[in-house]
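Engineer: Residue-level listing of the chains:
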Amino acid sequence: MTNYIGKAVRRVEDKRFITGKGRYTDDITLPGMAHAYIVRSPYAHARIISIDTSAAEAMEGVVKVYTGKDIAESGINGIPTGWQVNFKNGDTMKEPPHPLLVADKARYMGDAVAVVIAENREIARDAADMVEVEYEELPAVAGPKKATKDGAPLVHDDAPNNLCFDWELGNPKAEVDEALDRSHHITTLEFTNQRVVPNAIEPRSAIGHYESASDKYTLYTTSQNPHLTRLLMCAFVLGIPEHKVRVVAPDVGGGFGSKIFHYAEEALMIWCSQRLNRPVKWTADRSEAFMTDAHGRDHVTKAEMGFDKDGKITGLRVKTYANLGAYLSTFAPCVPTWLHGTLLQGLYTTPKINVDVTGVFTHTTPVDAYRGAGRPEATYLLERLMDTAALEMKMDPAELRMKNFIPPFDGVEQPGYQTQVALQYDSGNYHGVLERALEMAGYDDFRKEQEKARKDGKLLGVGFSTYIEACGIAPSAVVGALGARAGLYEVGQVRVQPTGTVSVYTGSHSHGQGHETTFAQVVADRLGIPMENVEIIHGDSEAVAFGMGTYGSRSLAVGGSAIMKSLDKIIEKGAKIAAHTLEASEEDLEFAEGKWTVKGTDKSVGFGDVALTAYVPHNYPEGLEPGMDFSSFYDPANFTYPFGAHIAIVEVDKDTGKVSLKRFIAVDDVGNVINPMIVDGQIHGGLAQGIGQALFEGAIYDENAQLTNGSYMDYTMPRADDLPSFELDRQVTPCPHNPLGVKGAGEAGTIGSTPAVVNAVMDALSPFGIKNLEMPLTPERVWRAMNS
Amino acid sequence: MAGDELLILFNYLNCKTMIPNKFDYHRASSVDEAISLMAQHGMDAKLLAGGHSLLPAMKLRLNQPGVLIDIGRLDELRYIKKEGNELVIGAGATHDDIAHSAAARSTFSMLSEAADLIGDVQVRNKGTIGGSLAHADPAADWPAVMLAANAQIELRGPNGARTVAAADFFTGFFMTALEDNEIITAIRIAEPPKGTGSSYQKFMQPASRFAIVGCAAAVTVDGGVCQKVSIGFTGLADGAFRASNVEAALTGKKPTEENIAAAAQLAGEGVMPMSDHFASEEYRLHLARVYAARALTAAVR
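Line order of the protein sequences matches chains A and B.
Going by my numbering, the first residue of the first sequence is number 1, and it counts up by one from there.
Going by my numbering, the first residue of the second sequence is number 1, and it counts up by one from there.
Any given hint could be a false lead.
If you want a taste of the chain B side facing chain A, the calculated C-beta under 10 Å gives, among others [said to hold, decoys possible]:
1) Met18
2) Pro20
3) Asn21
4) Lys22
5) Asp24
6) Tyr25
7) Arg61
8) Gln122
9) Phe203
10) Ala207
11) Ile212
12) Phe278
No more than 30 Å apart at the CA atoms, straight line, and that leaves these computed lysine-lysine pairs for DSS-like [what the hints assert, rightly or not]:
13) Lys302/A / Lys88/A
14) Lys22/B / Lys64/A
15) Lys22/B / Lys15/A
16) Lys319/A / Lys771/A
The set of hints was computed from the structure by calculation and includes no laboratory data.
C-beta atoms are modelled at their ideal positions from N, C-alpha and C, and glycine is treated no differently.
With the hints as extra help, turn the sequences into a complete structure.
Structural biologist: Here it is in structure tokens:
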């Protein structure tokens, strides 16, 4: 029975978004609400000598100014991190305090020093200028490798050499060294996977609302996971019992990871509201978003891959310095380690792998998960190595991949594939996606066209990327063993209303993904009812029992599975009621098309009638509870492993170095697909961001650790006219371990696309003997390389 | 101020931004009223037309006027027409108006080409040519085109109207020949002789979409020879300028690939180029040569 699954159903949420009726945090106005403006450090590293708030507080309309001293004296804690990664020698990682407002020192440009609360935002803004902060500027460091050098300025006095942790995974380094030593060829790349700024269209916002009569708190916030925010804020920062706190994440305009984390401003608004006994709102402006939304990537890496004379990979050795920024954000320690190192098997049978990661503090904005989170960094290094190796060994990059692919396995008849780096892949057919992508690209013809174009003085290039990602995050026991301080299951509650319509409460959170549509398709199909009869409710801790939120392409694979479990319970209970009504035994019933039928007869009872009976149990099975309302927790058995093959075709302008992306082909395998239109949209958006990193984006810090391009006049976002019309196709290899057979599609585009584009540019530039350039591949960078 | 201090100041401003300071607002019902309002409020007042340069500057508090005088809805400034052998563009014509004007295109195709390359749809819909010229951003597109078109810029102030040639109008970094309380009312561009072709070629700053280098070229070819060559550059230096050395090198020559290349090689000579994240001085000078050749080639095609 599939009336909806697999169909490109139009998104039900779009009506309110497109007509301007979405309700975002900043749209919420509460009676008596005051407005906050945060005074931030213009310096990356400075001692705070003094703060004089008297002029600001004397202004008409100013309610109060709080500083780091007020925060410190109130005895609350700083913002915690949610993951622990220890030193190789067993020492606990360095976890310096991250106060809501700093009292002693500012540790990155944008660090919060004071908060001004006023009757309106404009007064708060004007009063912020009147807060006199005397700073003593100190030397700062922005680069992660540089920060570990002796004598580098320290971000935290108790973290020598700015080290947070060092970490290793895979085969013993000696074994990998030996494998590489014995190799016929070694390809080496050293590069920076540059820092990018997430740039969700909606800036972060938070409203704290304390109600003294009931001693209850409500936080409205731009969050991808309101329940986790509540847990972290209540238990670790403010020490408020959770049952007294409601967290609402209403419509949220994009996150890309940056809204997963519990931010200081959230706890600060609750704290201010409690002190002032009135609601307080803060909304970031775009400059604040650039400076204070957790950034992504920022790895300095050396990667070496060995090959035998036939082109089979013999080993991989990776050393990375990961920039964590000034403080540890919620998932910061996990991203460059467990989300990066574990993906270094890629799609290949590499027998020996060792990855070594040093996590480093710097005087920069905290770094955390950004669309893909660790997996793009892993894919970038692997896929750049593959195309570079092909060039060096004069082999075809597609053939080199085919030669090294793990053979197809479905995870049912054939077992999952155990990697050298801790994971067991669920199912895969890696040859399939590349073959299809080559066919779509017309690869053989392209090489001829490229040859001809070179003779005409034109620089065409093709680049490949065959990627895998670990999504559907994550089995709680596994991540617990790896340092997670939370479980990563999901909650799905299905409440059948007496008239047979259905309310679904999910711990997943939609901030652009279209859950209200996709989840409703699943529920409507399973129950055999119209989609219009299904409502998806999310983002409110008072409505939804619990939840771990949306990130890591987990919503359908984990959140959808939790809903499926509850649907099973509904159908099981419905069968008992139907059997009673039909005077048949449960075993003789079948459930299809929204009704229970006695097999081989035309005797049936519909879902709506059964629902009504459950709530009006006059004629009812003995001993059965009334009602139809089930909640389930789903803890996945494994990660899911989407994969795919991306091909980029570029032309480089010889005169200027400007790269034009001519074609982009993406064949992705995300398992079963519920709504192909939404999946295509996810892939498109992901590709744009991945291509953005390759060609345009990148935070630029100067030698004083000043962010010098924190505006849309200076930071280049990819735009529609920078991109070709994407050519997409899909292969379907179902996930064997979740009920929907889905793997996740939110990050695939970002993970696969970046190296494909860079590889294509390197291919175009190969006549110049250029092998590696740093991202973003700006025109001047390419032009300089061609002319040096 | 040293570069570092400027940067710190900018970042400091950047730290607390996006809400402008408090200001008074007047909507002028005529150009004359706008002029008298300006006279009344003096240095504290700013004219608001499309607002696409002024408002961002106010949000960043780089500009903090106490009074805004809105001339954005003055119909008397918003027109494009032919008068005799002249094209007359009202200062309130939007970039989009010009992009879609047949009269503008038939006078100099570089006018519509440039209009089409400004900012994005929203900027083109709101931004005006008069506002852009008065602001004189060193990376704006119009100044280069005005120079190459030998435009005459009409100004009106408390003491009446006057006309200034484009070459005399742009006087430096965000500086023009506008006197206090003067307003741009129109731009006059003479119909070029037969055989004139033009082009505007722009290497965009990818984030802002301003010009890293923009080159406007108008070339009159008669008898197989370039009789008149006009080239305006923007983005390259601290203000738009005429490349008279390139013009001279091609004047009197045949418009061949070799002659164009040789003339274009002179582009940027003697110029102090700007430098930023997107283009160093050396790269800007290189782009000036490339884009001079491209604009000249397209103009004579």
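Engineer: Please go over all the hints and tell whether each is borne out by the structure.
Structural biologist: Against the structure, the hints:
The closest approach between the C-beta of Met18/B and any C-beta of chain A is roughly 3 Å, which is under the 10 Å cut-off, so the hint is satisfied. At about 9 Å, the closest approach between the beta carbon of Pro20/B and any beta carbon in chain A falls short of 10 Å, and the interface hint on this residue holds. Taking 10 Å as the C-beta cut-off, the interface hint given for Asn21/B holds, the closest approach to chain A being about 7 Å. Here the hint on Lys22/B is kept, as its CB sits about 7 Å from the closest CB of chain A, short of 10 Å.
This hint is violated: Asp24/B has a C-beta 15 Å from the nearest C-beta of chain A, more than the 10 Å allowed. Here the hint on Tyr25/B is broken, as its CB sits about 15 Å from the closest CB of chain A, past 10 Å. The interface hint given for Arg61/B holds, since its Cβ lies 9 Å from the closest Cβ of chain A, which is under the 10 Å cut-off. The interface hint given for Gln122/B is violated, since its Cβ lies 13 Å from the closest Cβ of chain A, which is over the 10 Å cut-off.
The closest approach between the C-beta of Phe203/B and any C-beta of chain A is roughly 6 Å, which is under the 10 Å cut-off, so the hint is satisfied. Interface hint at Ala207/B: satisfied, since its Cβ lies 4 Å from the closest Cβ of chain A, which is below the 10 Å cut-off. At about 9 Å, the closest approach between the beta carbon of Ile212/B and any beta carbon in chain A falls short of 10 Å, and the interface hint on this residue holds. For Phe278/B, the shortest C-beta to C-beta distance to chain A is roughly 7 Å, which falls under 10 Å, so the interface hint holds.
The hinted pair formed by Lys302/A and Lys88/A meets the criterion: a straight-line CA distance of about 19 Å does not exceed 30 Å. With a C-alpha separation of about 21 Å, the suggested pair Lys22/B and Lys64/A falls inside the 30 Å cut-off, and the hint holds. Distance check on the hinted pair: Lys22/B and Lys15/A sit about 36 Å apart at the alpha-carbon level, beyond 30 Å; violated. The suggested pairing of Lys319/A with Lys771/A holds, with an alpha-carbon distance near 20 Å, which does not exceed 30 Å.
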